[in-house]
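> The opening residue of the sequence shown carries number 171 in my numbering; numbering runs sequentially from there.
Check the hints yourself; a few may be wrong.
Straight-line Cα separation of at most 20 Å, DMTMM-like style, residue types lysine to aspartate or glutamate; simulated pairs [as the list claims (entries may be wrong)]:
id, residue 1, residue 2
1, Lys-234, Asp-269
2, Lys-234, Asp-260
3, Lys-234, Asp-285
4, Lys-227, Asp-330
5, Lys-227, Asp-267
6, Lys-227, Asp-269
7, Lys-227, Glu-194
Computed spacing ranges between beta-carbons, pair by pair [claimed, not checked]:
id, residue 1, residue 2, range
8, Val-426, Asp-379, 19 to 27 Å
9, Glu-194, Arg-256, 27 to 35 Å
10, Pro-191, Val-426, 28 to 36 Å
11, Asp-178, Glu-394, 21 to 29 Å
12, Ser-427, Leu-254, 15 to 23 Å
13, Ala-444, Asp-330, 33 to 41 Å
14, Arg-400, Gly-350, 33 to 41 Å
15, Leu-374, Pro-286, 24 to 32 Å
16, Ala-238, Ile-378, 18 to 26 Å
17, Arg-265, Ala-424, 37 to 45 Å
18, Leu-232, Asp-445, 33 to 41 Å
19, Leu-254, Ile-378, 20 to 28 Å
Honestly, the hints are just simulated from the structure, not real lab data. By construction, the Cβ of each residue, glycine as well, lies at the ideal position given by its N, Cα and C atoms.
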Amino acid sequence: MTATGRNDRLALGMLSVFGLPPIEFVDLAAELGCRHISAAIQGMPLVPLGYPPFSLKDDAALRKDLFAAMDDRGVTISLGDGFLVRPGADVGALRPDLDVMAELGVPRVNVVSLDPDLSRALDQFAALTEHAARRDIGTVVEPVPGLTIGDLPTGLAATDHVGRSEFRLLVDTMHLARSGSGASELAALDPERIGYAQLNDTTLRPRIDNYMEEAMFERLVPGEGDLPLRDILAALPTDIVIEIEVPQRSLALAGVSPIERLRPCVEAARRLLADVQAG
171 MTATGRNDRL ALGMLSVFGL PPIEFVDLAA ELGCRHISAA IQGMPLVPLG
221 YPPFSLKDDA ALRKDLFAAM DDRGVTISLG DGFLVRPGAD VGALRPDLDV
271 MAELGVPRVN VVSLDPDLSR ALDQFAALTE HAARRDIGTV VEPVPGLTIG
321 DLPTGLAATD HVGRSEFRLL VDTMHLARSG SGASELAALD PERIGYAQLN
371 DTTLRPRIDN YMEEAMFERL VPGEGDLPLR DILAALPTDI VIEIEVPQRS
421 LALAGVSPIE RLRPCVEAAR RLLADVQAG
């Protein structure tokens with residue numbers, strides 16, 4: 171904990187705020203006592219909440235204002251999100267996006283693959299890792315059920331293939347549990363293989379038929395579902411960022427503000443981390 175009582179490990183995930191403009195997102199994190207946020211190059215208004223579109227790549231003034239806001243509020247971007255491996259596309263085209271992330275001081279980017287060709291996806295991961303490393307940016311891969319890298323073993327195979335310390339795993343608690351892994355599998359890993367974590371809760375059985383819809387729109391506040399979150403957090407490295415990724419579309423559409431939606435999540439995360447630290 172810092173002298174101000176903030177836990178420096180906590181971040182707010184962009185998926186939780188459904189396209190909230192970047193400056194407002196920084197203010198939200200600061201109000202909730204979080205040191206970090208995740209960010210994508212383009213705004214992602216996945217839920218119609220009236221937020222204006224934005225592009226960190228195309229809007230130099232926005233980048234300047236965002237950097238100033240982060241400096242003023244003591245908030246950094248801990249993860250550049252939204253990097254995709256697509257069929258027929260080369261990740262070399264993402265170099266301008268990486269340039270933007272480097273300008274904003276982003277230490278790592280997250281990648282998932284939509285290309286069903288596993289071999290090609292792994293090679294593209296390696297290429298992206300190289301492009302990012304040239305900009306002093308690390309890369310994490312997020313296993314997501316239903317995608318090319320769908321579980322922890324496949325994620326580990328990806329890190330083996332890339333074979334670089336700059337390429338590590340992102341552990342999302344919902345994806346981890348729903349793909350059949352848990353705390354014991356994490357505890358067995360070299361901690362250096364894990365570079366980032368996303369914290370949320372859910373039920374062990376699906377609440378929505380479409381997994382991606384549930385994952386992107388309706389997760390639960392930590393402690394309100396079935397996941398053994400304390401055990402999972404205890405198995406993670408103690409120095410990585412813990413990002414709160416709890417999208418709640420139903421509440422957002424009902425008019426519940428971002429700070430009202432995320433305050434319970436932040437409070438629950440702090441309790442969990444304090445419990446883990448206390449042993």
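> Are the hints correct? Go through all of them and say.
Here's how the hints hold up against the structure:
1. Lys-234 x Asp-269: holds (14 Å)
2. Lys-234 x Asp-260: violated (29 Å)
3. Lys-234 x Asp-285: Between Lys-234 and Asp-285 the Cα gap is close to 34 Å, so the pair fails against 20 Å, i.e. violated.
4. Lys-227 x Asp-330: Since the Cα atoms of Lys-227 and Asp-330 sit roughly 32 Å apart, the hinted pair is violated (cutoff 20 Å).
5. Lys-227 x Asp-267: holds (7 Å)
6. Lys-227 x Asp-269: holds (9 Å)
7. Lys-227 x Glu-194: OK: Lys-227 and Glu-194 at ~18 Å, within 20 Å.
8. Val-426 x Asp-379: 19 to 27 Å: holds (25 Å)
9. Glu-194 x Arg-256: 27 to 35 Å: holds (30 Å)
10. Pro-191 x Val-426: 28 to 36 Å: For Val-426 against Pro-191, whose Cβ atoms are near 18 Å apart, the range 28 to 36 Å is violated.
11. Asp-178 x Glu-394: 21 to 29 Å: holds (25 Å)
12. Ser-427 x Leu-254: 15 to 23 Å: violated (30 Å)
13. Ala-444 x Asp-330: 33 to 41 Å: holds (35 Å)
14. Arg-400 x Gly-350: 33 to 41 Å: Violated, since Arg-400 and Gly-350 (Cβ atoms, about 20 Å apart) do not stay within the stated range.
15. Leu-374 x Pro-286: 24 to 32 Å: Between Leu-374 and Pro-286, where Cβ atoms are some 27 Å apart, the hint holds.
16. Ala-238 x Ile-378: 18 to 26 Å: Taking Cβ atoms as reference, Ala-238 and Ile-378 lie about 40 Å apart, which means the hint is violated.
17. Arg-265 x Ala-424: 37 to 45 Å: The hinted range 37 to 45 Å holds for Arg-265 and Ala-424, with Cβ atoms some 41 Å apart.
18. Leu-232 x Asp-445: 33 to 41 Å: holds (39 Å)
19. Leu-254 x Ile-378: 20 to 28 Å: Holds, since Leu-254 and Ile-378 (Cβ atoms, about 23 Å apart) stay within the stated range.
In summary, the structure is inconsistent with hints 2, 3, 4, 10, 12, 14 and 16 from the numbered list given earlier, while agreeing with the others.
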